[in-house]
Amino acid sequence: MSALLVLALTVPLLGLVPLLLAGPRVGERAALAVLAIGAGLCVAVGVAVALSGRALQYFVAGLAPPLGIGLRADGFSAAMMGMSALVLALTAFYAMRAPGAGAPRMPPAFFMLLLALASALNLAFLAQDLFTLYVALELLTFAAVPLVCLDGKPGQLRAAMTYLMFALFGSVLYLLGVVLVYGQFGTLDFARLSAALALAPPGWSFGAALALMSAGLMAKAALFPLHLWLPPAHAGAPPAASAVLSAVVIKAPLFLLVRLWADLAPVPMAQAAAPVLAICGAGAILVCGVVALAQVRLKLLIAYSTAAQIGYLGLMFPLAAGADAYWSALAWTGGTLHLVSHAFSKAAMFMAAGLIAEVFGHDRLAGLKGAARVAPLSIAAFGIGGLSLLGLPPSGGFTAKVMLLTSALQQGAWWIGVVVLAGGLLAGGYVLRLLVLALQRPEDGTLPAARECGWRAGIALALAFGAVALGFLPLAPLGFLSIGRPIAWEGLAP
Amino acid sequence: MSDAMLYALAGAMLAGCGTYGLLTAGGALGRILGFNILGGGVFLIFGAVARRGAGAGLAADPVPQALVITGIVVAFCATALAVALLLRLKAADGAGEEEP
Chain A
373 MSALLVLALT
383 VPLLGLVPLL
393 LAGPRVGERA
403 ALAVLAIGAG
413 LCVAVGVAVA
423 LSGRALQYFV
433 AGLAPPLGIG
443 LRADGFSAAM
453 MGMSALVLAL
463 TAFYAMRAPG
473 AGAPRMPPAF
483 FMLLLALASA
493 LNLAFLAQDL
503 FTLYVALELL
513 TFAAVPLVCL
523 DGKPGQLRAA
533 MTYLMFALFG
543 SVLYLLGVVL
553 VYGQFGTLDF
563 ARLSAALALA
573 PPGWSFGAAL
583 ALMSAGLMAK
593 AALFPLHLWL
603 PPAHAGAPPA
613 ASAVLSAVVI
623 KAPLFLLVRL
633 WADLAPVPMA
643 QAAAPVLAIC
653 GAGAILVCGV
663 VALAQVRLKL
673 LIAYSTAAQI
683 GYLGLMFPLA
693 AGADAYWSAL
703 AWTGGTLHLV
713 SHAFSKAAMF
723 MAAGLIAEVF
733 GHDRLAGLKG
743 AARVAPLSIA
753 AFGIGGLSLL
763 GLPPSGGFTA
773 KVMLLTSALQ
783 QGAWWIGVVV
793 LAGGLLAGGY
803 VLRLLVLALQ
813 RPEDGTLPAA
823 RECGWRAGIA
833 LALAFGAVAL
843 GFLPLAPLGF
853 LSIGRPIAWE
863 GLAP
Chain B
114 MSDAMLYALA
124 GAMLAGCGTY
134 GLLTAGGALG
144 RILGFNILGG
154 GVFLIFGAVA
164 RRGAGAGLAA
174 DPVPQALVIT
184 GIVVAFCATA
194 LAVALLLRLK
204 AADGAGEEEP
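Top to bottom, those sequences are chains A and B. Each number in our numbering corresponds to the 1-based position in the first sequence with 372 added. Each number in our numbering corresponds to the 1-based position in the second sequence with 113 added.
Looking at chain B on its own, in the form it has when it is part of the complex (with noise of 0.2 angstroms):
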């Protein structure tokens, strides 16, 4: 097995189990940690896609890496978005409460 490939598997199980907390988690909380996890397997499938490169003599395709870095903030943005929404939904609903 190539070490791309290892990768892409790897990936493809990340992005299984954030699937499966994305659709499964009860609070909001774990569906935004699923969100990141899914989102961290797509990263690494699309690194791994990046791997085929080298075939052009290249250590790697630089084009995937770029799309990834870009990928990583706004997913990031995203999940500053989502927090910041539970924190004022914990504020407002008052305390303790979890999203059903």
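Chain A extracted, bound-state conformation (with noise of 0.2 angstroms):
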């Protein structure tokens, strides 16, 4: 079963050798089914972690920390491996050329960087000590970067290059972070720093190194004020590269802030440092969601929205914190779902932009009217999935929000309250503005001659749904996503 874990970090690191001998065609197949194989392999730990309720856990090459490197698979490390390599696979289905369509092709290196992607995602979500896990996060950053600028226009190279400066300054502030840490603990193993921490309260300089790695990695996953990256980046791409990096990549770095201040940081550094984290979310879902309703492009329009759902993360913190054991933990997993539901619908409103946009061979917002009588299976897609950022039933992202809600209240956060609900009226009003002007019939009654691709849109739609199924799970703390919790290695000392 551990072997599972080696594999979801292997196998897409092999399936790059056939994309390198073979042509482009074979290649994209290669890819595809590589791919195919690593969800296949995520949603197995998954099973097996759900199955014996415990967490899988590896020793590479058979040492154990503080000397080996450890893998470990948790319910939540699980859930985000099973999210990632599902959105991964189907994009990389959504970016095949479809036989005799007139679709742009995607060149082989967009599929080389999914497969990279692939194995940099799972090894941010299985290492368990800092430092491999900077390694992890520095290979996601050199994966996305160039998916980025796959066209090589001026403006993505720009964008590019804005994102790589970011991501860069992120890892250095990490890094120092970590050397913080190893020099208070002489240890960067997860379990082996939770048991020292549980035996003496830390210092101010652990304070600071986990200051330094938070600021990093809310450098690299643009939670506001740190988001300037993030629009022209997202927005720029090519469509299915706007999917993963908007839908997965962000993921990662978030995932290890949930780790560090729910994990790792004893409850009363936590409590201190989460209203920080919680004005950041704030001010990411009220500023970036202004900004979104004044966006005249419908990627850009989308790209900010990014920008402010993940903020809903950042109010997680001083909920999860919270002195009741229940309603914290409804609020950590009210925020752990949000990241998974967020990447169904986002990923589903990137691939219906980018075929609205093949369409009508722009995405400037005032020039889409009559959308949904050309595009309909987008405008779907975009609906449904926007339905989960508003906050609507049944969707993961309203399980998610009244989560989040329910626990704010009953803790007495009334503030984080009003910006949840707040943020779902923003949303609502850009996920609308698309949704009324496709409904309307174009001023001069002329729609453009192509219509949609049908089978892609359908890869859209069934993200979308995804998003939506996640809205039958129950509204409690997941039995699921808690295995493993706290971080321990099984059959090892301390």
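The set of hints was computed from the structure by calculation and includes no laboratory data. Remember, it's a predicted structure, so these values are computed and weren't measured experimentally. Glycine included, each C-beta is placed from N, C-alpha and C at the ideal position.
Non-contacting residues of chain B with respect to chain A, defined by C-beta distances greater than 12 angstroms in every case (computed):
#1 115
#2 116
#3 119
Some but not every residue of chain B turned toward chain A, in silico, with C-beta under 8 angstroms:
#4 128
#5 141
#6 144
#7 148
#8 152
#9 155
#10 183
#11 184
#12 190
#13 194
#14 198
#15 199
#16 202
#17 206
Since each chain comes alone in its own frame, lean on the hints to assemble the complex.
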């Protein structure tokens, strides 16, 4: 069973070999097959964790920490792995050229980068020491930056450069935090750090280290106010690339932020820092939500919506660090569920936007009147994905936001509740803007002759329904997500 | 002042200079250099942390040294990617235009 963890890391990288050797057409299919196998492996990890009720663990080369490197999948990791692998596989399918369709073909590099992303994401979700996580984040950045500038247009290159600079600054800050942690504890392994932290309350230098790591992760995840790189990068990339960038790539640093503050940091320290993260989250939801309303291009609108939706995770921290065990667990579940459901709905929306732009030849909102006639499935995918962003039932976004809202009200954090509701209204504003335009009749009565590519719109629709399906989860802390918490190595003295 | 402290302070100064450069440099090349100076500072601080292992009878704690080497490789790759991107940007933008 534990071998699944190693396979999840290595299979995507082995898949690069046929891609390098074969021609683009065979390579595409090979990449799709490998990503499908990768998704199968990630789902198998999830099933194994759920069936055994324990975290899977593996020591590379049989060497246990502190000297060796350990991989570990708990419920939260498994959920993130399954989500990202599914989105990556469906994106590869979406990006394959339709037989006979006039859609622009994605270069072979795109599929190579997808495979690299798959491996880097799995490493970020499985690694258990702060330095391996640094390497995982860097691998992720190196795979994500070229996705932004696949077409090599000057605008894309500029956006990629800004993204790279933010990401590199973020990774050095993170590394400085890692150095301070090592200087204080002499270990970087989560389980051993938790054990050391439980023995003695940490001093200010651990707080400084956590602050540095968090600032670095915020820069990589584009959490307000470090979000400036995201809209041009995500909106400028080709649609299939935007879908993975917005849906899964930014989730890895957010996942680590949750790990650091909810799993590693002692509760008093988490409680002290949580308001700062919550204020950043509230700023993201309100500022980016308003800016999204003002956009004239569809893809920029969706990109600002990503920057806004990340904010809900920031709101989770003060609630998850609350005194009441049940309400804080509910907030934690809401935050993690939000990460998963946002991935499905955002991937669906970017894919739909790509198909709409193919039909119209542009993505200026004012010119998209009548889109529901020529691209009905895409508009449906956009709308259903948007439901989840608005927080309308039934959708994963609804469940996640209700969990956050309930927890906020029960814990007396009314201002967080207000921000959650205001964010829903703003999301309603920008999602409905396109839907209203799409249902209108164009002024001059002419619609583009082209029609949407049906099977690719079907993929977007399937992802949107994935977000809807998450809405049928019960409104209670999920047992699966909390399997394997708190972090500890089985069969190893701390 | 112990020599580890001296190295740590030097690393902190480098990190400060690098951060200043990264945040204020006008062009992308300046930012890339700033990132490298900042990274060098962080690696030096890590080296100073390793020196503390001397208390255990070793010349230095070998784990941070291994991590620093990995970090240097990663930083080198990042620099290569950034410079490649900068070259593409210059080619696309036309001759001599520096990224503001």
